Amino acid sequence: MRVAKFSLHTIRAIFLLLILGCPIQGFSQELRVGVQVGPTTLDPHFFNYFANIGNLGNIYEALVTEDREGKIQPQLATSWETVTPTEWLFHLREGVKFHNGAAFGAQDVAFSIARTKTVQGSPGSFVTFTAQIKAVEVIGPLTLKITTFSPAPYFLFDLARVFIVSAGSSAASTAEYNQGTAAIGTGPFRSASWSQNAEWMLQRNDAWWGAAPPWASVRVRIIPNDAARVAALLAKDVDLIDRVPSSDMARLEASKQFAVSSRPGLEVFVLNIDTQRETSPFARAPTSGQTKNPLREPAIRRALSLAINRKLLVDRVFEQSAVPAFELSDVGDQERTGLAPQDYDPVQAKALLAEGGFPDGFELTLHGFSGVIAGDVQLIQGVAQFFSRVGVKTRVETMPPTVLFPGASRGEWSIYLTGSTTPYAIAPYKFFVMTPNPDKGYGSGNRLRFSNDRLDDVLSKALVTMDATERLGLIKQAATLVRELAPVIPLFHPVYSWASNREVADYEAWALPFTRVMYARPTAR
Amino acid sequence: MSATVPLKEETPFRRFVWEFSSSSLAVAGFLTAVVITLMALLAPILAPQNPYDLVHLDIMDGRLPPGSESMSGMTFWLGTDDQGRDMLSGIMYGLRISLGVGVGSAVIAGLIGSALGLIAAYLGGKTETAIMRLVDLQLSFPSILVALMILAFLGKGVMNVMLALVIVEWARYARTARSAALVERRREYMEAAACLALPRWRLLFRHLLPNCLPPLIVIGTIQIARAITLEATLSFLGLGVPITEPSLGLLIANGYQYMLSGKYWISFYPGIALLVTIVAINLMGDQLRDVLNPRLQK
Amino acid sequence: MTWLLRRLVQALFIVLAMTIIVFVGVNVIGDPVDVLIPPDADQAERARAMVALGLDKPLWEQYLRFLLGVLQGDLGRSFVYNEPALQLIGSRLPATMELAVTAVLLSIVVGIPLGMFAGLKPDSWLARAIMAGSILGFSLPTFWVGLMLIMVFAVQLGWLPSTGRGETAALFGVQWSFLTRDGLAHMILPALNLALGNIALVLRLTRAGVREHLQLEYVKFARAKGLSPARVLFVHVMKNIMIPIVTVIGLEFGSVIAFAVVTETVFAWPGMGKLIIDSINVLDRPVIVAYLMVIVFLFVAINLLVDLLYTVLDPRVRLETRE
Numbered sequence: 221m222r223v224a225k226f227s228l229h230t231i232r233a234i235f236l237l238l239i240l241g242c243p244i245q246g247f248s249q250e251l252r253v254g255v256q257v258g259p260t261t262l263d264p265h266f267f268n269y270f271a272n273i274g275n276l277g278n279i280y281e282a283l284v285t286e287d288r289e290g291k292i293q294p295q296l297a298t299s300w301e302t303v304t305p306t307e308w309l310f311h312l313r314e315g316v317k318f319h320n321g322a323a324f325g326a327q328d329v330a331f332s333i334a335r336t337k338t339v340q341g342s343p344g345s346f347v348t349f350t351a352q353i354k355a356v357e358v359i360g361p362l363t364l365k366i367t368t369f370s371p372a373p374y375f376l377f378d379l380a381r382v383f384i385v386s387a388g389s390s391a392a393s394t395a396e397y398n399q400g401t402a403a404i405g406t407g408p409f410r411s412a413s414w415s416q417n418a419e420w421m422l423q424r425n426d427a428w429w430g431a432a433p434p435w436a437s438v439r440v441r442i443i444p445n446d447a448a449r450v451a452a453l454l455a456k457d458v459d460l461i462d463r464v465p466s467s468d469m470a471r472l473e474a475s476k477q478f479a480v481s482s483r484p485g486l487e488v489f490v491l492n493i494d495t496q497r498e499t500s501p502f503a504r505a506p507t508s509g510q511t512k513n514p515l516r517e518p519a520i521r522r523a524l525s526l527a528i529n530r531k532l533l534v535d536r537v538f539e540q541s542a543v544p545a546f547e548l549s550d551v552g553d554q555e556r557t558g559l560a561p562q563d564y565d566p567v568q569a570k571a572l573l574a575e576g577g578f579p580d581g582f583e584l585t586l587h588g589f590s591g592v593i594a595g596d597v598q599l600i601q602g603v604a605q606f607f608s609r610v611g612v613k614t615r616v617e618t619m620p621p622t623v624l625f626p627g628a629s630r631g632e633w634s635i636y637l638t639g640s641t642t643p644y645a646i647a648p649y650k651f652f653v654m655t656p657n658p659d660k661g662y663g664s665g666n667r668l669r670f671s672n673d674r675l676d677d678v679l680s681k682a683l684v685t686m687d688a689t690e691r692l693g694l695i696k697q698a699a700t701l702v703r704e705l706a707p708v709i710p711l712f713h714p715v716y717s718w719a720s721n722r723e724v725a726d727y728e729a730w731a732l733p734f735t736r737v738m739y740a741r742p743t744a745r
Numbered sequence: 015m016s017a018t019v020p021l022k023e024e025t026p027f028r029r030f031v032w033e034f035s036s037s038s039l040a041v042a043g044f045l046t047a048v049v050i051t052l053m054a055l056l057a058p059i060l061a062p063q064n065p066y067d068l069v070h071l072d073i074m075d076g077r078l079p080p081g082s083e084s085m086s087g088m089t090f091w092l093g094t095d096d097q098g099r100d101m102l103s104g105i106m107y108g109l110r111i112s113l114g115v116g117v118g119s120a121v122i123a124g125l126i127g128s129a130l131g132l133i134a135a136y137l138g139g140k141t142e143t144a145i146m147r148l149v150d151l152q153l154s155f156p157s158i159l160v161a162l163m164i165l166a167f168l169g170k171g172v173m174n175v176m177l178a179l180v181i182v183e184w185a186r187y188a189r190t191a192r193s194a195a196l197v198e199r200r201r202e203y204m205e206a207a208a209c210l211a212l213p214r215w216r217l218l219f220r221h222l223l224p225n226c227l228p229p230l231i232v233i234g235t236i237q238i239a240r241a242i243t244l245e246a247t248l249s250f251l252g253l254g255v256p257i258t259e260p261s262l263g264l265l266i267a268n269g270y271q272y273m274l275s276g277k278y279w280i281s282f283y284p285g286i287a288l289l290v291t292i293v294a295i296n297l298m299g300d301q302l303r304d305v306l307n308p309r310l311q312k
Numbered sequence: 012m013t014w015l016l017r018r019l020v021q022a023l024f025i026v027l028a029m030t031i032i033v034f035v036g037v038n039v040i041g042d043p044v045d046v047l048i049p050p051d052a053d054q055a056e057r058a059r060a061m062v063a064l065g066l067d068k069p070l071w072e073q074y075l076r077f078l079l080g081v082l083q084g085d086l087g088r089s090f091v092y093n094e095p096a097l098q099l100i101g102s103r104l105p106a107t108m109e110l111a112v113t114a115v116l117l118s119i120v121v122g123i124p125l126g127m128f129a130g131l132k133p134d135s136w137l138a139r140a141i142m143a144g145s146i147l148g149f150s151l152p153t154f155w156v157g158l159m160l161i162m163v164f165a166v167q168l169g170w171l172p173s174t175g176r177g178e179t180a181a182l183f184g185v186q187w188s189f190l191t192r193d194g195l196a197h198m199i200l201p202a203l204n205l206a207l208g209n210i211a212l213v214l215r216l217t218r219a220g221v222r223e224h225l226q227l228e229y230v231k232f233a234r235a236k237g238l239s240p241a242r243v244l245f246v247h248v249m250k251n252i253m254i255p256i257v258t259v260i261g262l263e264f265g266s267v268i269a270f271a272v273v274t275e276t277v278f279a280w281p282g283m284g285k286l287i288i289d290s291i292n293v294l295d296r297p298v299i300v301a302y303l304m305v306i307v308f309l310f311v312a313i314n315l316l317v318d319l320l321y322t323v324l325d326p327r328v329r330l331e332t333r334e
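Residue numbers (this note's numbering), protein chains in the order written: chain A, 221 to 745; chain B, 15 to 312; chain C, 12 to 334.
Treat the hints with care, since some could be wrong.
[Said to hold, decoys possible] Short derived list, chain A residues pointing at chain C, Cβ under 10 Å:
id	residue
1	I443
2	D457
3	G509
4	Q554
5	T557
6	G558
7	L559
[To be verified] Ranges of calculated distance between the beta carbons of each label pair, as one might list FRET restraints:
id	chain 1	residue 1	chain 2	residue 2	range
8	B	D67	A	P371	51 to 59 Å
9	A	Q293	C	G169	41 to 49 Å
10	B	D67	A	A574	51 to 59 Å
11	A	G341	B	L153	46 to 54 Å
12	C	A241	B	G139	51 to 59 Å
13	B	M173	A	F270	36 to 44 Å
14	A	D565	B	D67	43 to 51 Å
15	B	I122	C	L27	26 to 34 Å
16	A	Q416	C	L195	24 to 32 Å
17	B	L153	C	A241	48 to 56 Å
Keep in mind the hints are simulated off the structure, nothing from the lab. Given the structure is predicted, the values throughout are model-derived calculations rather than measurements. Using N, Cα and C, we set each Cβ at its ideal position, and we do this for glycine too.
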């Protein structure tokens, strides 16, 4: 197998040498990557899932993209301006070609935006990112005007998620994308072969518009098990892995053979609370007959938030692999509220429990997930310890996310652990605490249906405020309200880590969980 | 019993004790089992910590090696797990669950299985064929598979594990009870009892059962050890007890991920406790078989 | 021939009985809607699927549909992988098979020589040590032994890899570990772990057989005839004790596959045992049903095969069954 493949590469490389008549940098260089989660589809508009966006970003491109700090950078659009608060003019990059040789132009963008709304059977739709688009107008071959229904300060973050495919492929179905025949983008790599949950082969796109990618081919292996992924790196079966578990960080960092790079991720993990129902299945007073849901009281929820020593918990459980979250978005280079962190205060927590009518605490079961990030099971038990200490008798149950989240949507739990990416400061607010509204994409993660008019007002206003200062003021108001009402309890932001074999490559960590192989730098041999 | 009774007087019980203690290994097994049972029963008094009460755990004490001291000055002789749970206390409480589940399921399975076995032997005919076919079918599949099947249908949980163990085990008792009963049935006392026209149930449970007990006790002992192993295995696979109330199997499973980084004690000591328990019970079982059931001896 | 036919009918009956048990397990004890429809489906989709899957039909009709599906090899699609469940099991089968076969080979290669030694020199200290070890082999929980193997050989000594299948190579279009050096290295610990119970079993059987046969007339006769002790042992005794050993090993093969569930979990071996545990955890019930059906079928097939072999090997059995 290996031998056969190698010779095939060699032949292909020689062939290319002859055709192009120029030396190829890094002759026949292959990068072997081990990732925790692979793409679930090669259709860029089928399933809005971080692993799809992360992986498919290697073969597709969007108008704009996020850099490793999470800031917006030009990609297929070189510049843009807002004509009015709802009208955006984009100037597209010249000389871009799709992997099949077709030229890229404004009509492809228009087609791709339209396609997000027509893809059938999507488990998670990309309409979230395009719903606010009222009209797309092709002004010239490389000029495009997009009109939104209302002012959209975070519009570019949404556009960064809409990968552009060729208008010529209009007939292609998701199945054809998955077979690879239609998986044609403009990115630095093209998909050579894909077997789901196993392996994804990428070939360099030699016609790419940017500086030539340093790898002739990339073999992406999907290794979900943390220990197995690390083992593969240690055994030099792969050159680069993502999501380095905290338990192996120290060992890898200490070794001369391997390089580790970390950056706090634009993602927040929170406890989502049943604030609405009269009685809740897993929260009740210890005395029988009392069925009232203690979690309806904001004071009780605040008490729970104050009962957690986040810094200590995160240090113990994750070591270097997470930072405490005191707000939904206090990480990275985002808009910061500047509110003083409201930290661990067990005395105040007990006082609040009494204020909420449960001076002797109550009984609670936390539902957490397992297998999402290393340490998740330990973390939720640690939270339970802190709750127990202020008098809330807490038990823990953990399950895979595929069981946890549908259960949460059916209202089967009282408090559960959940997470969200936070590409911009207001995203987790929109996701967790706004009253669910599928048409507008509000409250998609608000599974226990918390609803507060004031918070909704402030947030929906912030979402259409173009003026940065004014918007920051609104975000601050929202953050203060969330602190008061505590419908969710922020816990931590994960730190994303990559580890690589120094002999082969370096990879500087991203604030998003994306392994963009283009940016893996070959080390001099 | 008074002290004036001459030591040489032989009662069946004394003979049993004497024969049993002829093997020093079996006596050691017995004593170990007694100590373990006491440890499990008295865990709330003996254990330095209540490992199931999260108030007493401190995550700051997590993953400490054996012999370390806690923030509050307590010594963790066997170290702590990732939640700061004292392993010694965790093992004692874990033994409670393991023994409870093991003995409980063995007793229930024993009652059901023996009753069915006796009924099969006594009634014969179609009933016997039906029961024994079921027994054969059950025994032709490995215990872990049957348990997995039941847990797959019913979901996880301690009660479901118990149920799975009962379903896995009853067949062995049924087979043993039947074969013992078939032998006993032909004895004179049974014929005599039958002649007296005693009611059937009385014959079955007052006369037949007591005489079939020795082989059932032997099987029971071995089955307890098997049940404990199976419970631990299921918990290790994550199908058993809740994570905040770990049994031995789950304690071992929790330590698994830390083993590669050299924190061996989280998995190692609960494993030793499990091992000692099983070996002790098996040693007892071996000797019991020799003493109680000369027919099985070979 | 009638005997063979009877066994076949019996086997068929067991498979049929198991389909009923599995069907009842999934449809009566569990909620069939939860079983057959992905958990994140909305109300309308559930109602539509109920009708499409025939869940509004009476139970016996549903069972017939299920049986028809089984016959056509259609056991539903995995919720998680969105692949036909049977295909998924099939893709994991080779990994489990190579592990199980290696474990069985190991138990023969290790168990028989040790057992013969223990049978020949029952009073030597080595034989006693072997027998004591075999008790441990029976009573040690598989998963804990697996952990200890990893701790000693992978963590402390660093001789062998701890988890995974290692590098694989293709043969007949299937990826195998035993074809590469790396794959073999990955296989040693899990195979040993899986073999442990069977090594003890084979060892004890061999020992008992050797001891029994050494006292029999034909051995005494052969010795008196002046045959070398080695020839007596390896030719005459072996021939006679192999029959029960082969039978037991054959019957145990099914158990080995079932217990691979534990070993595969410990060593992250991507076989179908690991798949079933993951599936139980994520409630991927079509996969669970498919696994159970595959295992039951394997079991019945193995038992049947062993029975047949036994009859061929041992003329006495053949005679008995003819009567």
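Results of checking the hints against the structure:
1. Checking I443 of chain A against chain C by beta carbon gives a least distance of about 8 Å; that is within 10 Å, so the hint holds.
2. A least Cβ separation of about 7 Å between D457 of chain A and chain C falls short of the 10 Å threshold, and the interface hint therefore holds.
3. Of the supplied interface hints, the one on G509 of chain A is violated, with its beta-carbon coming no nearer than about 31 Å to a beta-carbon of chain C, more than 10 Å.
4. The closest approach between the C-beta of Q554 of chain A and any C-beta of chain C is roughly 30 Å, which is over the 10 Å cut-off, so the hint fails.
5. The criterion of a C-beta within 10 Å of any C-beta in chain C is not met by T557 of chain A, whose closest approach is roughly 34 Å, and the hint is violated.
6. Contact between G558 of chain A and chain C, as hinted, is not supported at the beta carbon level, the nearest pair being about 39 Å apart and thus beyond 10 Å.
7. Nearest Cβ of chain C to the Cβ of L559 of chain A: about 36 Å, over the 10 Å cut. The hint is violated.
8. In this structure the hint that D67 of chain B and P371 of chain A lie 51 to 59 Å apart at CB holds, the actual value being about 54 Å.
9. At roughly 44 Å, the beta-carbon separation of Q293 of chain A and G169 of chain C lies within the given 41 to 49 Å, and the hint holds.
10. Checked against the hint of 51 to 59 Å, the C-beta distance between D67 of chain B and A574 of chain A comes to roughly 22 Å, which is inconsistent with it.
11. Our hint of 46 to 54 Å for G341 of chain A and L153 of chain B holds, since their Cβ atoms are close to 47 Å apart.
12. A241 of chain C and G139 of chain B have their C-beta atoms about 54 Å apart, which keeps the hinted 51 to 59 Å range intact.
13. For the hinted restraint 36 to 44 Å between M173 of chain B and F270 of chain A, the CB-CB distance of approximately 38 Å keeps it satisfied.
14. A hinted range of 43 to 51 Å is violated for the C-beta pair D565 of chain A and D67 of chain B, which are about 23 Å apart.
15. Taken as a hint, the range 26 to 34 Å holds for the pair I122 of chain B and L27 of chain C, whose Cβ atoms sit roughly 30 Å apart.
16. A C-beta distance of roughly 28 Å is found between Q416 of chain A and L195 of chain C, which places it inside the suggested range of 24 to 32 Å.
17. For L153 of chain B paired with A241 of chain C, a C-beta distance near 39 Å fails the hint of 48 to 56 Å.
Checked against the numbered hints listed earlier, the structure breaks hints 3, 4, 5, 6, 7, 10, 14 and 17; every other hint is satisfied.
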